[in-house]
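S.K.: Kindly generate the complete structure, drawing on both the sequences and the hints.
Each chain, letter by letter, is given below.
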Amino acid sequence: MTHCVMVGASYDPAVRTLTLGVPRERAPREKRVAIVPGVVAKLKELGFEVVVESGAGEAAGYGDDSYRDVGATIASASDGPYREGAASAYGCDVVVKVMPFEHDELAKLREGATTISLLYPARNPELVKALAARGVTAIALDKIPRITRAQKMDVLSSMANLAGYRAVLEAAAAFQGFFGAQVTAAGTERPARILVIGAGVAGLAAIAAGRALGAEVRAFDVRAAAKEQVESLGGKFLTVELDESGEGAGGYAKSMSKEFIEAEMALFRAQAKEVDVIVTTALVPGAKAPILVGDDVVACLKPGSVVVDLAAEQGGNCSLTKPGEAVVHEGVTILGYTDLPSRMAATSSRFFAGNVLALLSDMARAPAGGEAGFRVDLEDEVVRAATLTHGGQELPPPPPPEPSPPAPKKDAPTIAKKPEPKPESAGAIVFGILMAVAFTLVAFYAPDAFVQRFTVFILACFVGWQVVWAVAPALHTPLMSVTNAVSGIVLVGGLLQAAPGGSSLAVILGLCALLVATINVAGGFFVTDRMLGMFKKGGPR
Amino acid sequence: MSPQAVTVAYLASAVLFIVGIKGFAKPDTAKTGNALTILGMLIAVAVTGLVAFSATTEGLPFVAGTIAIGAVIGALLARSLPMTAMPELVGLLNSFGGLAAVFVGISSYLAPGHAYTTEAERNVHLVECWLGVAIGSLTFTGSVVAWAKLRGTLSGKPLLFPGRHLLNLALVGATIGLAWPFVGEASTDAGLTWILALTAITGVLGITLVLAIGGADMPVVISLLNSYSGWAGAMTGFVLQNDVLIVSGAIVGSSGIILTIVMCRGMNRSVLNVVFGGFGTEGGGPARKVEGEVRELDVAAVAAALSTAKEVVIVPGYGMAVARAQHPVKELVELVQAHGGRVRFAIHPVAGRLPGHMNVLLAEAGVPYDLVHEMETINTDFPKTDVVLVIGANDIVNPAAVDDPNSAIAGMPVLHVWESALTVVFKRSLGAGYAGVDNALFLHERTRMLFGDAKKTADALVAALRNV
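Sequence lines, in order, name chains A and B.
Just so we're aligned: 518 in my numbering is position 518 of the first sequence, and the numbers increase by one with no gaps anywhere.
Just so we're aligned: 668 in my numbering is position 127 of the second sequence, and the numbers increase by one with no gaps anywhere.
Among the hints, a few may not be true.
Only pairs whose alpha carbons sit at most 20 Å apart, straight line, appear in this in silico SDA-like list of lysine to any residue [to be verified]:
id, chain 1, residue 1, chain 2, residue 2
1, A, LYS536, B, HIS868
2, A, LYS129, A, PRO396
3, B, LYS563, A, ALA472
4, B, LYS567, A, ARG530
5, A, LYS42, A, ASP65
6, B, LYS871, A, GLY533
7, B, LYS851, A, ARG149
8, A, LYS537, B, LYS572
9, B, LYS925, A, ARG269
10, A, LYS302, A, ARG269
11, A, LYS152, A, ASP377
12, A, LYS537, B, LYS567
13, A, LYS322, A, ALA27
14, A, LYS536, B, LEU912
15, B, LYS871, B, ASN1008
16, A, LYS152, A, LEU118
17, A, LYS537, B, LYS871
18, B, LYS563, A, ILE458
19, B, LYS567, B, LEU912
20, B, LYS851, A, GLN229
21, A, LYS536, B, HIS914
22, B, LYS851, B, VAL1003
23, B, LYS925, A, GLU228
24, B, LYS925, A, ALA225
25, A, LYS536, B, GLU875
26, A, LYS536, B, GLY907
27, A, LYS536, B, PRO623
28, A, LYS536, B, ARG883
29, B, LYS563, A, GLY533
30, A, LYS236, A, GLU264
31, B, LYS572, A, GLY533
32, A, LYS273, A, PRO303
33, B, LYS925, A, ARG149
34, B, LYS997, B, THR625
No lab work stands behind these hints, which were simulated from the structure alone.
M.R.: This is how it looks when you write it as C-alpha cells:
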C-alpha cells in the first residue's frame, strides 16, 4: 500500500499550476502573515501561483502592492463557501495560515486541498475532526518533528526565539530600572538579575537578550544538556541537589518526581528573593503548562519585579498569569502576553514564511526516479509526523522519536578531574627543610656582606616567581630566550675578571667568559625580538 | 663613579629586568618588555665597565673587542637560524651561559679581586666558586646534549644504561665531597687541579642526566637547564659580590623552575619522574587494548566538511613543526574564514619541544595570536565544534588519559577533541606517540584519518578548499 498521493490528482499538472492561498489571519491581535513577498519568487520556482487575500500582510507591514510587485495575485476577502472558479485565497490547492483554522473558515476550503498552519491538535481535537470531515490534508507546523533535517522548517523554534527575545524587552519596559550596571555621578546601580526557567529555544534567546542588555542572568532547566548552552551565552546555570535527568523525547523535558519538584520550588523561592525578573518558558507537549512560579514564589519577589510567562497560552507557568494580559499583584507585574511574536510581526512573518518555504521545497523535491513537484509523501518522516488528516481520515500519531542521548558523564572514570602532580607537597616539605637549614647556616656562620647578598637573593627569587607566573603561556618561548639572555649577565663577571689586562690565566679565562656570555646575551635578545615581532593580533575582518 | 652611584645604577638595571619580564605577561607589551630588559643589560655592562676601568684601561681594547665579536656572533646566530630551529638555539645559548659561569668561577678563584680579611670570608668565597663552577659545568654539558638531541645529532631516545642512578649519585657525592679538600687547599695551583676535576665531574653528570631523558621531555629539560643557568649566574653574583648578578640570576632561575612546573603539570608527571626518566613504568594493571577500525577520509571530503563548518579547531603538535606545515595551515585558516567558519587553535602546554613552541611557529606563519588558545580556555568548547583538525599530535589528544586508569598517561590533561562532531587526524602512519601508548582517538566513530606528510596534506587541502 502506498501513501504517496498527488495533490489535486484530478488536475493535470501540465495544464494547471498549483495555487497557494494566503488568507488574512482572523485571530484577535494576530498581526503575522504566513507568506511574505520575499519568498513569492521562490514559491513560483516550486510551481505555485500565489493568491493573497487583500490586506493579509497589512498589519505586518506588507501591503497588497508589495505582493503584487513580486507577481502574486490579490483576491478580495471571500465570505461565502467554496465555489469553483471564484478567486479566493481559501479556494487554493494549498492554503497557508499562521494560526489554526477557525470552524467558519473550513467551508471556504476546497475538498482535497492541503492546509499548512499551526494546529495544536491536543488543544483542538474538534478542529482536527472537522478538517478530516472537510476532506482536506491538514499539515500541522507544530507537529514537525524536532530532528536535524527539519530544523529549517521548525516554526515553533523560530517563533520561540522571537518570543524569548521579546519577553526580555517587555520585561525591561515594565521594570522600572536599568538592566545593565550603571556607574554615574548620581550613584551606582548593580545590574538587574533575571531568572530564566526552562532553557529551550525561547529560554536561550531570553538569556542572550538579557545578557545583551547588561543584566545578570541565571537559568534553570531539568535537562543537564542545557548547562553548556546556558553557560555559552554567559548565563549561570542553577541546579538542584538531586540526581534525575529530565531528558525527554524531541528536546522537551519530561515530568519529574515529587522530590525533585519540591527541591525545584525551594530553589525558585530562594532565587525569587534575589532576582528582579523571572522569565518562564516551560511547556509540556500536549498538556497544560506546569505551575512553576506559584503564589509563594511571587510573594518572595520584590515590588517592582516582573514575571514574563511565555507559557501563558497553555495555561501559564505562573499561578497568577492571566493569558493575554498584564496584571499587577502586590507590586509584581505578571505579563501573560500570548502575542509576543506578533509584536514583531514583520520579522516573525519573515521567519514563519521561511520555515514554510523550507517545508514546501522539501515536499516538492524530486523523489528517486521521479519528477520534482509538490506532493504529500506519507513515507517521509517529517511529512508523516506533521500530517494530521488525509483523505477524509484522521491519521494516527506516528511512532515517537527516540529521546536524545543523555549528556555523557564526564567524571565517570575513577581518575580525579584536576590531576595534581603528586610529589608537590612532599617537594614543598623538602624545600622547606632545605631553606631552614640554609637560613640557619647563614645566620650562624656567614659573614655580614654575605648575609646582605643572601637577602637580596631570596627577595629576588620571590619577585621573579611572581613576575614569571603572570607571563602568558603563549609567550613562554620568548620568555625562555629573554631569560636566557639575562642569564648571560655573567658577562659582567667576565668583564671584571678581564679588566686588569695582561696575560694571566685569570684574565684569559675572563675574556673567554666575556666572549661566550656576550654571544648568549646578544643571541638571546635578538632572537627574542625576532620572535616577538611575529606575534600579531588579528585585524578586523 | 662613587660606590653609591654604582649601587643605584645596578638597582636601576635590576628594576628594568623585573619590569621588562613583567611585560611578557601580554603579547602587546612583550616587545617593550624586551627593550627594557636590553636597556637594563646595557646599563649593567656600562657601569661595570666604568668600575673595572676606573684604575687602569690596560685591558680595555681586549674587552671591547671581545664584546664586539661576541655580539656579532650572537646576532648572526639569532638572525640566520630558521624559527623551527628555535629549540636548538635556546639550548645552545644556554650552554654558553653555563660555560661563561665556569670560566668566571675559575678565574675568580685564581684572582679574587679583593683581599680576604677573615678566614670565613675566604671559605665562603671558595664555596661560591665551587658551586658556580659546578652548576655552570652541569648546565654547559647538559645543554649541549639537549641541543644535540633537539637537532637530531643524537637520538631522541632516552639512553637508559644500567646503574646510571648509582653513577649519578656517585658523581653528586664526589661534587660535594671534593669541596672539603678544595677549600682546605692553601696553594692556588693545587686548588686549580681540584676545580678542574670538579668541572669534569659535573660535566659528566650533565651528560648522563640529559642522555637519559627522551626527546619529547626536552621542554622540561630545557626549562630546567635554563633555570640552572640562572642559579649559576646568581652564584657568580655571590662570588663577585655583585647584586645585579644575584637579582637577575634569581629571576632567571625562578622563571626556569616555573616553566618546568608548567610542563610537568601538562604531563601529570613529577619533575623527578621526568629528570630521572623511567617513564611508563608505573601503573597498576595492563593498559586497555585499543581495537577497532580505522576510517580514512580523502582530502576532498575534508575540504567539503571545512567549507560548511561553523566552528573549527586546529590542534597542532610536534608533527606540524617537523613537517613545517604551519604556513599552509595558516592559508587553511584564511580559507575557512572566507567560507564563514570560525577557526581557533588549541595549544596543549607540552605540544612541541619548547614551552610555547607552537605559539611561536604559528606566529611565524602569521596566525594572529588571538586565534590561539590555551588548553584550559578551549577544552570545554569541543562539543560545540564542527571540525577538529589534529595536525601531528598524538598523546595530547589521547582519550586514554581520561578514561583508562591503567594507561601510562592516565591523568594527564588532554584536549577533548573526540567530543566534537568530526575529528580529522593528520598523521604520517598509524604509530603510537612518544609515550608508546595506543590512541583510541584514531578508532573513534567520529574520527577520520588523513594519512601522509602533514605539509603535503595541508597543501592539498588548501588547493581543494580553494575549489569548493
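S.K.: Now, for every hint given, state plainly whether the structure supports it.
M.R.: Status of each hint after checking the structure:
1. As the CA atoms of LYS536 of chain A and HIS868 of chain B are separated by approximately 15 Å, the hinted pair is consistent with the 20 Å bound.
2. The straight-line distance between the Cα atoms of LYS129 of chain A and PRO396 of chain A is roughly 12 Å, inside the 20 Å bound, and the hint therefore holds.
3. Between LYS563 of chain B and ALA472 of chain A the alpha-carbon distance is near 10 Å, which keeps this suggested pair within the 20 Å criterion.
4. For a cut-off of 20 Å, the pair hint linking LYS567 of chain B to ARG530 of chain A stands: about 16 Å separates their Cα positions.
5. The hinted pair formed by LYS42 of chain A and ASP65 of chain A meets the criterion: a straight-line CA distance of about 18 Å does not exceed 20 Å.
6. As the CA atoms of LYS871 of chain B and GLY533 of chain A are separated by approximately 17 Å, the hinted pair is consistent with the 20 Å bound.
7. Restraint check for LYS851 of chain B and ARG149 of chain A: satisfied, since their Cα atoms lie roughly 17 Å apart, inside the 20 Å limit.
8. For the proposed pair LYS537 of chain A and LYS572 of chain B, the alpha carbon gap of about 13 Å is at most 20 Å, so the pair holds.
9. A hinted pair counts as satisfied when its Cα atoms are at most 20 Å apart, and LYS925 of chain B with ARG269 of chain A does not qualify at roughly 33 Å.
10. Distance check on the hinted pair: LYS302 of chain A and ARG269 of chain A sit about 12 Å apart at the alpha-carbon level, within 20 Å; holds.
11. Taken as a hint, the LYS152 of chain A and ASP377 of chain A pair is honoured in the structure, with Cα atoms around 18 Å apart against an allowance of 20 Å.
12. The straight-line distance between the Cα atoms of LYS537 of chain A and LYS567 of chain B is roughly 11 Å, inside the 20 Å bound, and the hint therefore holds.
13. For the hint pairing LYS322 of chain A with ALA27 of chain A, the CA-to-CA distance comes to about 18 Å; that is within 20 Å, so the pair holds.
14. For the hint linking LYS536 of chain A to LEU912 of chain B, the alpha-carbon distance of about 10 Å falls within 20 Å, and the restraint holds.
15. Straight-line distance between C-alpha atoms of LYS871 of chain B and ASN1008 of chain B comes to about 17 Å, which keeps the hinted pair within the 20 Å bound.
16. A threshold of 20 Å between alpha carbons decides the hint, and for LYS152 of chain A with LEU118 of chain A the separation of about 16 Å falls inside it, so the pair holds.
17. Using a Cα cut-off of 20 Å, the hinted pair LYS537 of chain A and LYS871 of chain B holds, with the two alpha carbons roughly 14 Å apart.
18. Distance check on the hinted pair: LYS563 of chain B and ILE458 of chain A sit about 19 Å apart at the alpha-carbon level, within 20 Å; holds.
19. The suggested pairing of LYS567 of chain B with LEU912 of chain B holds, with an alpha-carbon distance near 14 Å, which does not exceed 20 Å.
20. Restraint check for LYS851 of chain B and GLN229 of chain A: satisfied, since their Cα atoms lie roughly 16 Å apart, inside the 20 Å limit.
21. Proximity of LYS536 of chain A to HIS914 of chain B is assessed by CA-CA distance (about 14 Å); at most 20 Å being required, the pair is judged to hold.
22. Our distance criterion of 20 Å between C-alpha atoms is met by LYS851 of chain B and VAL1003 of chain B, whose separation comes to about 18 Å.
23. A hinted pair counts as satisfied when its Cα atoms are at most 20 Å apart, and LYS925 of chain B with GLU228 of chain A qualifies at roughly 9 Å.
24. Pair hint LYS925 of chain B plus ALA225 of chain A holds up; C-alpha atoms about 12 Å apart against a cutoff of 20 Å.
25. With a C-alpha separation of about 15 Å, the suggested pair LYS536 of chain A and GLU875 of chain B falls inside the 20 Å cut-off, and the hint holds.
26. As the CA atoms of LYS536 of chain A and GLY907 of chain B are separated by approximately 7 Å, the hinted pair is consistent with the 20 Å bound.
27. Taken as a hint, the LYS536 of chain A and PRO623 of chain B pair is honoured in the structure, with Cα atoms around 19 Å apart against an allowance of 20 Å.
28. Distance hint between LYS536 of chain A and ARG883 of chain B is fulfilled; the C-alpha atoms sit about 18 Å from each other, no more than 20 Å.
29. Note on LYS563 of chain B and GLY533 of chain A: the hinted pairing holds, with a Cα-Cα distance of about 18 Å set against a maximum of 20 Å.
30. In summary, the hint linking LYS236 of chain A to GLU264 of chain A is supported, as the alpha carbons are separated by about 16 Å, within the 20 Å threshold.
31. Distance restraint check for LYS572 of chain B and GLY533 of chain A: the Cα-Cα separation of roughly 7 Å lies within the 20 Å cut-off, and the hinted pair is therefore satisfied.
32. Proposed proximity of LYS273 of chain A and PRO303 of chain A is supported: the alpha carbons are some 11 Å apart, at most 20 Å.
33. Straight-line distance between C-alpha atoms of LYS925 of chain B and ARG149 of chain A comes to about 18 Å, which keeps the hinted pair within the 20 Å bound.
34. Straight-line distance between C-alpha atoms of LYS997 of chain B and THR625 of chain B comes to about 17 Å, which keeps the hinted pair within the 20 Å bound.
When held up to the earlier numbered hints, the structure conflicts with hint 9 and nothing else.
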